[in-house]
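Chemist: Protein chains in written order, with numbering that gives the first Met the number 0: chain A, 0 to 626; chain B, 0 to 151.
A portion of the hints provided could be inaccurate.
[Unchecked claim] Computed far set for chain B versus chain A, every beta-carbon distance over 10 Å: (1) 7; (2) 27; (3) 50; (4) 52; (5) 57; (6) 75; (7) 85; (8) 110; (9) 117.
[What the hints assert, rightly or not] For the chain B half of the interface with chain A, some residues (derived, Cβ under 10 Å), not all of them: (10) 77; (11) 81; (12) 84; (13) 95; (14) 96; (15) 97; (16) 101; (17) 102.
[What the hints assert, rightly or not] Have a look at the derived ranges for each label pair, beta carbon to beta carbon: (18) 32(B) to 421(A): 44 to 52 Å; (19) 114(B) to 263(A): 44 to 52 Å; (20) 89(B) to 554(A): 35 to 43 Å; (21) 444(A) to 89(B): 55 to 63 Å; (22) 153(A) to 132(B): 37 to 45 Å; (23) 555(A) to 106(B): 18 to 26 Å; (24) 10(B) to 555(A): 47 to 55 Å; (25) 344(A) to 103(B): 48 to 56 Å; (26) 106(B) to 185(A): 28 to 36 Å; (27) 509(A) to 10(B): 53 to 61 Å.
It is worth saying that the hints were derived from the structure and are not from the lab. Beta carbons: idealized from backbone N, C-alpha and C, even for Gly.
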Amino acid sequence: MSDGTSAATGRGRRWRHSWVRDGLLAWAFFTVAGAIAIHSCVTLEPSAAPPPEAVGRAMAALRATLEERPEAGLGDAARVAVPGAVRIVLWSNGLPVFRSELEPRDLGELVAQGSVGLREARQAGRFEGVNLAASRLQLSFVVAEGPVLEWPTIVAAFSFVTTLDGAALRLRDRTMRLYPDDLLRRHLYSAYIPLPGGQMKGGLDVPAVVESLWFAAHLPDESWEDQKPSLRRFRTVEYVERPGAEPAELVAGRTVNEPPRTVEDYRRTAREGVQWLSRMIRSDGRFQYDYDPLTDGPFDLGYSLPRHAGAAYFLSFAYRKTGDPTARETARKAIDYLVTKELRDCGKAPGRCVGQGGAPDAGSAALSVVAMAEYERGTNEGRYLPQLKRVLEYILWLQEPNGDFVHVYDVEHDRRSPDRLLYYSGEAALALVEAYRVLQDPALLPRIRSALDFLTKENWSFFGSAYFFGEEHWTCIASNEAFPEVQDEAYLEFCEDFAGFLRQMQTAEGERPYGFEGTYLLGPFLAPRTTPVAGRTESTVATYKLGVAMGRPNLVVLEQIRRSLSFLVRMQYRPDSSPFFSRPDLAAGGMPGGLDDPVVRIDYVQHAGNALLGGADILGDWELGPP
Amino acid sequence: MDNGNEVSRTVRIGLGSGHVALGVGLGLVLWLALPARYLPVDVPVALIALLLVVSGGALLGSVRQGPLLMRVSSALTLVVGLALLTGLLWSAVYLKGVYGDLGRGASAFFKLIAFTILPYLVIYPGVALFVLRPTPPAPAAAAKEPAPEQAE
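In isolation and in its complexed conformation, chain B is listed as follows (with noise of 0.2 Å):
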C-alpha cells in the first residue's frame, strides 16, 4: 500500500542524521549552555530533543512509521523555531519601547540569537516538512479515486 512515506536513500540518511544532530545540540543546549534549570523551558525543549532523536533515528533504521515521525517533529520544532522567533521580536520591541533604544550591543546580540534559531529552528524544519510531505498518489491509485475537482 502506498501510504506517502516512501523516501529515498539520500533523503533518509541526510535528514535523519540531520535529525538526530540537531536533537542532539538541542540537547546540548539545554544542558550545557543553559546556567539554570527552569522547567518551563527545560522540559519542552528535552521533549523536542528526545523526539528530533528518535525521529532521525527511526528514518535512517527505515521504520514504516519514520516519515510520519519526521514531519511531525519537524512541525513541532517549526512551531517552536516560529514562537522563539515571534518571542525575540517581541521582547527587543517591548525594550525599544522601554528604553528608547537598543543600543548596539543588545541589538547585536538580538540579532546574534535570531540568525542562530532561523537556520536550525524554522529553515531546516521547513525544508524537512517540504520534502517529506507525502507524496501524490500513484497514477495506478488514481485512477480509482476521484479527480480533486470532482471531489470538491
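So that you can see chain A by itself, here it is in the shape it has in the complex (with noise of 0.2 Å):
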C-alpha cells in the first residue's frame, strides 16, 4: 500500500513539475495574450466625424469660393473639431476635377485652406469649360485608422472590409492614401482571389494598390526601404452636395435610400425598374444587357436569353399587378424579339426551341414560355399563345420520367445532353405552371406534379441535404403558382425549410460591418449583393403566400421578407445618386449588382421587381413601420 501511494505521490510530483504542464499552459497564455494583442491592435474605433449640418455650412462656403461669391460665415461650425485627414474633390460629369488632401484641425482651418486650393486651380484655369452649377463637392472625413497584416498577400487581400476600408502606405514623411470609392473606381475591391464559380473574385488587389500608391508618392524606387513603407487601412465617413438640401453621406461611393415606409414604396421602385428596362431595349426588342455607370457604357458584352425572357416575364408581370402601359409596351417588344428572332425548329425534337446555336438549353425555352404566359395572363390578347404552345411542347419532350428536365439538346447530334445547368430544371417546372394558368389543360397537371415532387423531393434527398440547398426560388415560385390544382404539403415544407436556410445567412439593421438589414451573407469577406437578396426573397415570398393558402401563414417568414424589401429599396439607382456617374438619370430605376458592382443588369431590375411586386401583395404598411 505504502509503495503505490509512494509510486503515485511519484508520478503526481512529475506531473506537477512536468514540461508537458508547463507546455501546455506556456501555449495557453501565449495563445491569449497573442488574441488579446490581435484584437486590440487590428479593430478600428472611428472617431466622431462633422455632422451633417456643419459640414453643409463647410461646403457652402467651399462652394462660395468656387463660385467667387462673397464667402459664407461658418459661424460655430468653424470650430467643430475634424478627427484626422480630409479629402476634398470636386465631381463634374463623373469625373474629378479638383481634389486636395488635407489635416486641418477643425472645420475653419479645411475651408480656409481649401479655399486656397481652389482659388489657386481657378486662376491656373482648372476649372474653365467645368459646369460648376452643376459640379458636387465631396468630402471625405478619415476617422479611423490601423495596420494590417502585409504577409501573405492573401491575408492582406481580406484585410480589408470590401467598399468601407480605404488603403493607405505610410512612408516615412508622409501618408499616401486611395479613399473607398477611388478603390471602387477602379475595379480594386473584389478583385484578388478567383471564388469558387469563378464568376467572382474577393479580396483587394494589394499588389495593384500598393503599386498605385507607390507610384503616386513619385519616389524613386530605389528609396522603397529608406521610406520604411507600411501597410494601413482606414474608414472614412463621407459627405456629397446637394442642392438646396444638407449634404448626403456616401456608402460605396454612392447615397443609400430611406428605408420603405409605406408598400407604395415597393410599388415605386418596382415601376422605377420597369422605367430603366424601357430604356435600356432597344428598336429590335432586344435589351441592352447592362450599364456602367462609371464609364456610361455596357459592361458586359455578353448577352443572355434566359435573362432576356426574365425581363420580359418580369415586365409582364407588372402590368399584370401594377397597369403600368410602359411595362405592357417593354414586355410586348421583349417577347416580340423572341419570338421573331429566337424561336426555331429544333431538328428531330418537337415545337420549337429558343436560342442560336447547336446546344438550345431549357432554360431560353422555360423563360420564354413564362414571359408569353404572364403576358396574357395580364392582357388576355392571345397574341402569343400558338407560340407557347409549341415551345411547351418542346419542353414536355424534353421531361424525363422521373419528372427532371434535359437542360441541353443536342441538335446536330440529336442527343439529350447530360450536362446539368443552374436553375433550368425549376424553370421548366414554372413554365408548365404558368402556361396551365392560360392554357387550363388538365394534361399539364400530372407532368407538373411529376415536376415538383421530383424537385422538392426526389433531387434533394440524399446524406447531408438537410444542411445545406441549392438555389431554389423557381422551385418554390412554381409550387405556389401551381396551388391549389397541385398540391403537397412536402411542398410547403421543402419552401420553408429553404427559407429556414437562407434566415441563418440574412443580416438584422446593424449588424457589422456593412450595416444593412435584410441582406444575405456567409461571412463578411463579400460585399452585400442584390441579385441573391431579390432572387431568393422572390422565393420566400412564394412561400409566405403557399402556407397562407394551405393555411398556415409564417409570419417570421414575412419579416425575413420585410427586411430583405428593405434593402433591396434602400439599394436602387435614384436620379443624383453618386456623384460619380456621368449620367446619374441613366443610371435612375437601375438596381446595381450590390455595394461593390455598380453595374446594372437586366435580371438585377427582373428580380428585384418581381420580389418588391410579390411583397406588395402581402406586407401591409403596418409590418413596413409600425408607430
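Could you fit the two chains together into a complex? Lean on the hints.
Modeler: Take a look at the structure:
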C-alpha cells in the first residue's frame, strides 16, 4: 500500500513539474495573450465625424469660393473638430476636376486651406469649361486608421472591408491614400482571388493598390527600403453636396435611400425598374444587357436569352400587378424579339426551341414560356398563345420519366445532353405551371406534379441534404403558382426549410460590418449583393403565399421578406445617387449588382422588381413600420 | 533491462494502428484535399504523416524503439495541433477585428475546422503520450536507486 502511495505521489510530482504541463500552460497563455494583442491592434475605433449641418456650412463656404461669391460665414461650425485627414473632391460629369488632401484641426481650418486650393485651381484655369452649377463637392473625413498584416498577400487582401475601408501606404514623411471610392472606381475591391464558380473574385488587389500608392508618391524605387512603407487601412465618413439640402452621406461612393415606409414604396421602386428597362430596350427588341454608370456604357458584351426572357417576365408581371402601360409595351417588344428572332425548329425535337447554336438550353425555352404566359395573364390578348404552345411541346419533350428535365439538347447529334445547369429544372417546372394558368389544359397537371415531386423530394433527398440547399427560388415560385390544382404538404415543407436555411445567413439592421438588414451573407468577406437577395425573396414571398393558401401563414418568413425588401429599396439608384456617374439619369431606376458592383444588369432589375411586387401583395404598411 | 518501453498487446495494436491511420489520413488530406502545392505546408505535414506511419508500424511490429518513436511522433503531432489551434484562433480574432463580426458562415467554418483538428491532432496524441509515458522503474531497480526526495 505504501509503495502504491509512493508511486502515485511520485507520478503526481512528476506531473506538477513536467514539461507537458508547463508547455500546455505556456501555450494557453501565449495563445490568449496573442489573441488579445491582435484584437486590440486590428480593431478600428472610429472617431465622430462632423455632423451633416456643420459639414453643409463648410461646403457652402467652399462653394462660395468656387463660384467667386462672398464667403458664407461658418459661425459655430468653424470650431467643430475634424478627427483626421480630409479629402476635398470636386466632381463634374463623373470625373474629379479638383482634389486636395488636408490635415486641418477643425472645419474653419479646412475651409481656409480648401479655399486656397480652389482659388489657385481657378486661377490656373482648371475650371474653364466646367459647369460649376452641376458640379458636386465631396468631403471625406478619415475617422479611423490601423495596421494590417502585409504577409501573406492573401491575408492582406482580406484585411480590408470591401467598399468601407480605404488603403493607405504610410511612408517616412507622408501617407498616401486610396479612398474607398478610388478603390471602387478602379475595380480593386473583390479583385484578388477567384472564388469557387469562377464568376467572382474576393479580396482587395493588394499588389495593384501598393503599386498605385507608391507610384503616386513620385519617389524613386531605390528609396523603397528607406521609406519604411507600411500598409494600413482606414475608415471614412463621406458627404456629397445636394443642391438646396443638407449634404448626403455616401456609402461605397453612393447615397443609400431611406428604408421604405409604405408598401407604395415597393411598387414605386418596381415601377422605376420598369422605366429603367424601357430605356434599355432597343428598336429590335433586344435589351442593352447591362449598364455601367462609371463608364456610361455597357460592361459585359455578352447576352443571355434566359435573362432576356426573365426581364420580359418581370415586365409582364409588372403590367398585371400595376397596369403600367410602359411595362406592357416594353414586355411586348421583348417577347416579339424572342418570337421573331429566336424561336426555331430544333431538329428531331417536337415543337420549337429558343436560341441559336447547336445546343439550345431548357432555360431559354422555359422562361420564354413564362414570359408569354404572364403577358397573356395580364392582357388576355392571345397574342403569343400559338408560339407558347409550340415551345411548351419542346419543354414537355425535355421532361424525363422521373419528372426532371434535360437541360441541353444537342440538335446536330439528336442527343439529350446529360449536362446540368443551375436553375433550369425549376424554370421548366414554372413554365409548365404558367402555361397551365393560361391554357387550362388538365393534361399538364400530372406533368407539373411530377416535376415538383422531383424537385422537392427526390432531387433533395440524400445524405447531408438537411444541411444546405441549392438555389430553389424557381421551385418555390412554381410550387406556389401550382396551388391549388397541384398541392402537397411536402412542397410547403421544402420551401419553408429553404427559407429557414436562408434566414441563417440573413443580416439584421446594424449588423457589422455593412449594417444593412435583409442581405444574405455567408461571411463578411464579400460585400452584400442585390440579386441573391432579390431571387431568394421571390422564393420567400412564394413560400409565404403558399403557407397562407394552405392555412399555415408563417410570420417569421413575412419578417424575413420585409427585411430583404428594405435592402432592395435602399439600394436602387435614384436620379442623383452618386457624383461619380456622368449620366445619373441613365442609372436611375436600375438595381446595381451590389455595394461593390455598380453595374446594373437586366436580371438584377427583374428579380428585384418581381420580389417587390410580390411583397406588396402580402405586406401591409403596419409591418413595414409600426408606430 | 527495463527502459520503460514495455507496452501491452492492446495498447500496441490500438495506438500502432491509430498512428498508421492518422498518418495515412494526414497524407490524404495533404494530397487530395489541399488544392495547391505549397512547400511550407507540404513538407512538414508530409514528414509528420511519414513519422506517424513509421512509428505506428514500429509499434505494431514490436520494434524495440517503437514506443520511443511513438512518443516523439505523438509529441510532434500535439505541438502541430496546438499550433494550428493557435493559428485558427488568431486568424478568427484578426478577422473579427477587421470586420467587426465574423458572420455565421465564417464562425461555423472556424468551429468546424477547430473541432476537426481537436480530436486528431490534440486529444489523440495527448492520450497516446499519456498511455505511452515511461513506466516507473520496477521495485527491484528502484531499491538500487535513491528515492526521488533524496535525489533532490
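Chemist: A separate judgement is required for each hint: does it hold in the structure or not?
Modeler: Now for the hints, and whether the structure bears them out:
1. Every C-beta of chain A lies more than 10 Å from that of residue 7(B), the closest at about 18 Å, which supports listing it as non-interface.
2. The beta carbon of residue 27(B) sits about 20 Å from the closest Cβ of chain A, which is more than 10 Å, so the claim that it is off the interface holds.
3. The beta carbon of residue 50(B) is kept farther than 10 Å from every beta carbon of chain A, the shortest such distance being approximately 19 Å.
4. Distance check for residue 52(B) against chain A: the nearest CB is about 24 Å away, which clears 10 Å, and the non-interface claim stands.
5. For residue 57(B), the condition that its CB be more than 10 Å from all CB atoms of chain A holds, with the nearest at approximately 22 Å.
6. The beta carbon of residue 75(B) is kept farther than 10 Å from every beta carbon of chain A, the shortest such distance being approximately 13 Å.
7. The claim that residue 85(B) is not at the interface with chain A is violated, since a C-beta of that chain comes within 10 Å of its own (minimum 4 Å).
8. No Cβ of chain A comes within 10 Å of the Cβ of residue 110(B); the nearest lies about 13 Å off, and the non-interface call holds.
9. For residue 117(B), the shortest C-beta to C-beta distance to chain A comes to about 14 Å, beyond the 10 Å cut-off, and the non-interface label holds.
10. With a least beta-carbon distance of about 9 Å to chain A, the hint placing residue 77(B) at the interface is held under the 10 Å criterion.
11. At about 5 Å, the closest approach between the beta carbon of residue 81(B) and any beta carbon in chain A falls short of 10 Å, and the interface hint on this residue holds.
12. Because the beta carbon of residue 84(B) sits about 7 Å from the nearest beta carbon in chain A, less than 10 Å, this interface hint is met.
13. A hinted interface residue such as residue 95(B) counts as satisfied when its beta carbon comes closer than 10 Å to some beta carbon of chain A; here the least separation is about 7 Å, so the hint holds.
14. Restraint check, residue 96(B) versus chain A: the minimum CB separation of about 3 Å is within 10 Å; hint holds.
15. The beta carbon of residue 97(B) is positioned within 10 Å of a beta carbon in chain A (closest approach about 5 Å), and the interface hint is therefore held.
16. Because the beta carbon of residue 101(B) sits about 7 Å from the nearest beta carbon in chain A, less than 10 Å, this interface hint is met.
17. For residue 102(B), the shortest C-beta to C-beta distance to chain A is roughly 4 Å, which falls under 10 Å, so the interface hint holds.
18. One distance hint, 44 to 52 Å for the beta-carbon pair residue 32(B) and residue 421(A), is violated here, with the actual separation near 25 Å.
19. In this structure, residue 114(B) and residue 263(A) meet the distance hint of 44 to 52 Å, their C-beta atoms being roughly 49 Å apart.
20. Evaluation of the 35 to 43 Å hint for residue 89(B) and residue 554(A) yields a pass: the beta carbon distance comes to about 42 Å.
21. A C-beta distance of roughly 59 Å is found between residue 444(A) and residue 89(B), which places it inside the suggested range of 55 to 63 Å.
22. In this structure the hint that residue 153(A) and residue 132(B) lie 37 to 45 Å apart at CB holds, the actual value being about 41 Å.
23. Distance hint check for residue 555(A) and residue 106(B): the Cβ-Cβ separation is about 22 Å, which falls inside the suggested range of 18 to 26 Å.
24. Evaluation of the 47 to 55 Å hint for residue 10(B) and residue 555(A) yields a pass: the beta carbon distance comes to about 53 Å.
25. Separation of residue 344(A) from residue 103(B) is about 50 Å and conforms to the stated range, judged on CB atoms against 48 to 56 Å.
26. For residue 106(B) and residue 185(A), the hinted distance range of 28 to 36 Å is satisfied, since their beta carbons lie about 32 Å from each other.
27. A beta carbon spacing of about 56 Å between residue 509(A) and residue 10(B) agrees with the range 53 to 61 Å that was offered as a hint.
This entry does not satisfy hints 7, 18, going by the numbered hints stated previously.
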